[in-house]
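Hey, can you work out the whole structure from these sequences and the hints?
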Amino acid sequence: LLSLLVSSATMVSRWKAIAGVSVVGVSCGVMMTGWEARRKKGERIVIVGAGIGGLATAVALRSQGFEVDVFERAKELRPVGATLALAPNGLAALSAISQEACEKVLKSCTMPEKCVVKNLKDEVIKETRFINNKALLVAWHLVQMHLADDIPGKYIHLGHTFQKYEVDELTRKVSVYFKLADGSEKVVQAKCLIGADGVHSTVRKFMFNSETEPIFHNKVMFRAVLPKETCPLPAASLPEQGVQYTWSASSDRDLFSFRETGPDHFAFTATKHITARPPLPSSS
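Just add 107 to wherever you are in the sequence shown, counting from 1, and you've got my numbering.
Taking lysine-lysine and the DSS-like style, the derived pairs with C-alpha atoms no more than 27 Å apart in a straight line are:
{"no.": "1", "residue 1": "K221", "residue 2": "K211"}
{"no.": "2", "residue 1": "K228", "residue 2": "K335"}
{"no.": "3", "residue 1": "K293", "residue 2": "K312"}
{"no.": "4", "residue 1": "K261", "residue 2": "K293"}
{"no.": "5", "residue 1": "K221", "residue 2": "K335"}
{"no.": "6", "residue 1": "K326", "residue 2": "K312"}
{"no.": "7", "residue 1": "K286", "residue 2": "K261"}
{"no.": "8", "residue 1": "K182", "residue 2": "K271"}
{"no.": "9", "residue 1": "K261", "residue 2": "K211"}
{"no.": "10", "residue 1": "K233", "residue 2": "K221"}
{"no.": "11", "residue 1": "K293", "residue 2": "K182"}
{"no.": "12", "residue 1": "K225", "residue 2": "K335"}
{"no.": "13", "residue 1": "K271", "residue 2": "K312"}
{"no.": "14", "residue 1": "K221", "residue 2": "K326"}
{"no.": "15", "residue 1": "K271", "residue 2": "K261"}
{"no.": "16", "residue 1": "K335", "residue 2": "K241"}
{"no.": "17", "residue 1": "K182", "residue 2": "K261"}
FYI, nobody ran anything at the bench for these hints, they're computed from the structure.
Pasting the structure below:
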């Protein structure tokens with residue numbers, strides 16, 4: 108993900124629009140309005156979504172001298188989400204985007220070393236050591252927080268829900284419409300709009316005038332991250348640093364895993380294989 112963001116940020120900084128309105132199809136969706144992307148003071152880039160994708164893109168573009176504002180519908184950035192596995196290429200990309208954020212992530216993560224699989228009687232079935240593993244585990248919200256620390260607060264606008272955008276062919280600017288928490292409307296002028304608002308992206312839906320849904324792969328996963336001080340289990344039951352406990356039910360596709368995901372957090376994952384597709388959560 109972070110490698111792609113570096114690539115997309117580089118693409119934005121080098122890409123040249125040929126016609127009046129052009130669309131570049133990267134994971135978060137980049138829309139340009141006949142604009143040669145170069146560092147001009149006052150030429151604003153608007154990013155919708157203050158998750159890891161939106162914030163990493165903002166930090167990368169700001170480091171190249173672009174004026175960037177991030178708009179997020181949530182009223183606050185809270186510690187939500189689950190565990191993120193950060194591979195070496197992702198860590199290198201994060202370092203390229205922000206050395207400071209990378210150093211903070213390294214202090215907040217853990218390196219998985221071993222997985223202990225047990226049955227429902229708590230008997231050990233097998234142990235697997237991750238000999239060549241170089242991926243780091245870190246709580247998703249900590250990566251978000253460390254990236255947000257790299258952006259002055261006045262450029263992160265909370266409580267802004269994207270509604271639509273309009274392109275002015277004459278001025279080659281895009282007007283982005285937001286609904287605020289109090290019900291009022293706000294219009295922001297920009298040279299570039301980047302939608303990084305997740306799997307239920309309203310920017311993507313408006314851009315392509317279509318509804319896209321995730322593809323169901325017959326697996327449901329429940330994930331959570333808890334601070335260690337709030338963990339209800341006795342200390343003797345907690346896994347050691349770098350160790351993951353996994354309990355297997357009647358099927359090896361129905362699993363419950365428990366592991367450390369940094370010096371101060373534990374992560375829980377419950378996986379269930381099902382045949383019927385569950386209803387999709389609301390995007391509101």
